[in-house]
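Engineer: I would like the entire structure built from these sequences, with the hints used as guidance.
Using this note's numbering, you'd call the opening residue of the sequence shown number 1 and step up by one each time.
Since the hints were made in silico from the structure, they are not lab data.
Each residue gets a CB set at the ideal place from its N, CA and C atoms; glycine is no exception.
The calculated lysine to aspartate or glutamate pairs, modelled on DMTMM-like cross-linking and capped at a C-alpha distance of 20 Å, are:
no.: 1; residue 1: K73; residue 2: D44
no.: 2; residue 1: K311; residue 2: E598
no.: 3; residue 1: K138; residue 2: E68
no.: 4; residue 1: K546; residue 2: D333
no.: 5; residue 1: K311; residue 2: D509
no.: 6; residue 1: K41; residue 2: D97
no.: 7; residue 1: K52; residue 2: E158
no.: 8; residue 1: K255; residue 2: E161
no.: 9; residue 1: K294; residue 2: D509
no.: 10; residue 1: K567; residue 2: D146
no.: 11; residue 1: K138; residue 2: D558
no.: 12; residue 1: K546; residue 2: E440
no.: 13; residue 1: K573; residue 2: D558
no.: 14; residue 1: K447; residue 2: E326
no.: 15; residue 1: K567; residue 2: D261
no.: 16; residue 1: K142; residue 2: E72
no.: 17; residue 1: K65; residue 2: D146
no.: 18; residue 1: K231; residue 2: E492
no.: 19; residue 1: K297; residue 2: D509
no.: 20; residue 1: K233; residue 2: D188
no.: 21; residue 1: K566; residue 2: E68
no.: 22; residue 1: K181; residue 2: D97
no.: 23; residue 1: K348; residue 2: E17
no.: 24; residue 1: K233; residue 2: E206
no.: 25; residue 1: K65; residue 2: D44
no.: 26; residue 1: K311; residue 2: E510
no.: 27; residue 1: K311; residue 2: E202
no.: 28; residue 1: K294; residue 2: E598
no.: 29; residue 1: K231; residue 2: D188
no.: 30; residue 1: K233; residue 2: D488
no.: 31; residue 1: K499; residue 2: E304
no.: 32; residue 1: K111; residue 2: E68
DEER-style ranges, computed between Cβ atoms:
no.: 33; residue 1: L34; residue 2: E344; range: 29 to 39 Å
no.: 34; residue 1: L253; residue 2: L302; range: 45 to 55 Å
no.: 35; residue 1: K227; residue 2: D570; range: 46 to 56 Å
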Amino acid sequence: MTVHTNRRAERRDVPEEQKWNLADLFPTPQNWKLELNNLEKETDQVAIFRGKITESATTLLQALKALESYREKVVRVATYSNLKASADGSDPANQRDVALTSSVLARINAKLSFFHSELLELTSDKVQHFLASEPKLKNYEKILYDALEDKPHTLAPEVEETLAALHEVHGSPHQIYQRAKTADMQFDPITNAEGVELPMSESLYEDRYEFSADTTTRRNAYKSFTKTLDKYKNTFAHLYATEVTKQVTMAKLRKFPSVTDMLLAPQQVTKEMYHNQLDIIGKELAPHMQRYAKLKKEKLGLRELHYCDLKAPLDPSLNPKTTYEEATDIILDALSIMGPEYHEIMKKSIYDGWVDRADNIGKANGAFCSSPYGVHPYILITWTDTMRGAFVLAHEMGHAGHFYLAGKNQSFMNTRPSTYFVETPSTLNELLLAERLLQETEDVRMKRWVITQLLGTYHHNFITHLLEGELQRRVYDLAENGVPLTADVLTEQKLDVIKNFWGDSITVDERVGLTWMRQQHYYMGLYPYTYSAGLTVSTAVAQMIKEEGRPAINRWLDVLKAGGTKKPLDLIKLAGVDMSKPDAIKVAVDYVGSLVDELIRSYENE
1 MTVHTNRRAE RRDVPEEQKW NLADLFPTPQ NWKLELNNLE KETDQVAIFR GKITESATTL
61 LQALKALESY REKVVRVATY SNLKASADGS DPANQRDVAL TSSVLARINA KLSFFHSELL
121 ELTSDKVQHF LASEPKLKNY EKILYDALED KPHTLAPEVE ETLAALHEVH GSPHQIYQRA
181 KTADMQFDPI TNAEGVELPM SESLYEDRYE FSADTTTRRN AYKSFTKTLD KYKNTFAHLY
241 ATEVTKQVTM AKLRKFPSVT DMLLAPQQVT KEMYHNQLDI IGKELAPHMQ RYAKLKKEKL
301 GLRELHYCDL KAPLDPSLNP KTTYEEATDI ILDALSIMGP EYHEIMKKSI YDGWVDRADN
361 IGKANGAFCS SPYGVHPYIL ITWTDTMRGA FVLAHEMGHA GHFYLAGKNQ SFMNTRPSTY
421 FVETPSTLNE LLLAERLLQE TEDVRMKRWV ITQLLGTYHH NFITHLLEGE LQRRVYDLAE
481 NGVPLTADVL TEQKLDVIKN FWGDSITVDE RVGLTWMRQQ HYYMGLYPYT YSAGLTVSTA
541 VAQMIKEEGR PAINRWLDVL KAGGTKKPLD LIKLAGVDMS KPDAIKVAVD YVGSLVDELI
601 RSYENE
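Structural biologist: Below, the structure written as structure tokens:
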């Protein structure tokens, strides 16, 4: 057996050009530590308004400005420690700093919990009066009316203060989950078809091996991956059950009809909109994707298409060469359609230290974009030389462009829209990249390849995350009916969700059910289903850009600049899409069906 000598690097050995530049947040760790220590002392800048917030329009404005300025500092401090831990969660110093930050934030939240409670003393009439008498309060209008919507679900001030003090404890299931995945989970190395031993990690599995053209590599990686998941299933089930118990308890305390109602409230989304995403896509997309799975099985010459084969390339012999530099050039070219302002931001994201792309021991898996106000976004990705990585990077650059524009055009409190909308800018970038790649080639095989990348985007958002959302829906129903959430229950439910969607088009083994352990999204409220909402909207916007050009682009840039100043329905309507009805979802599903049709026809015409 040949041994592959490539091992994952230690963080200290990663070249600087592959790391993000945290000096833009704080010049040195010492500067960060000093700011962290000062944060608790500086709560007095806000605490002086205790008992006075609603006295007058002037006092309310001063208090909101003080809180906003203080929160900017808090976010910057918290982002710094979180980014360091994401880059290397195995480093004890990074673990310590995250824990220290979490502890400080819990105390800060407790000290400042009075602010929201006092805002709730306002009435609609008083808000209107204050807005009329102090024009500068207009900047906080949505925040004030949002607070009034929270009124029926807010507890007594002393109870809110106690809950805020327990913030660190409430967040511990998520923290423990992340720590276990980045610092403790180890995977057996694997071998490919030639017997070459390859290193194995979660990020390598999700970003490289799952997309491998070599069936032996894919299936061996899956075995290694699920073998490790199986070892942690009981611990992770207890963590997730604890998170759900917390949510069920909080929903009852805050007098919500259900957990779902409580988790949708901050998104400002109706239950109908939530169920539409899960029900329509779950039912109407399945036949299209089952046809795609059968096509893949046929073209790959497989006796059975296993769950772990779903992301295998349809044409294994076509593997477009791509380096990070080449991929970023392609992305920038594709996004130039958005005009000079947006294009310049995209160039900054590539060349100004916004991206961390190395694969090193302790690095968090997957990809994300963190956007501390007043600095610039930070993108984490593990670059593995796959063209699929270009779509992942373009996705995160979409988040970066969104929050950079929102930050430049809105104050801190008005930058973040509902999570229902937040995946729209990111998925739009992926669609624009695919459109440009399709325009640039007449080669049938290359067109197929691009279409499969597009289908990969829809698979990620309309299947992977949507089925996570379906599992969440089931889990909350079970929990509210008193069913214990054991590892077996969670695994059985996940297995059933996957079987219901894919039917007999794939072969599903029992360990497929363990994939509920893959994502941290279950600790982030009703987040998974919003990926499908975002892609639904971006599908419509991409079509408008294709048909209208500049007018649609200008509307879209206005939406990005609006940040969090509007509720999601109103924000999306600015772009010309109405999500109060199921029409846009059906159009997006039909579009995916047309992509599958095009693939099938391309083979029939050979």
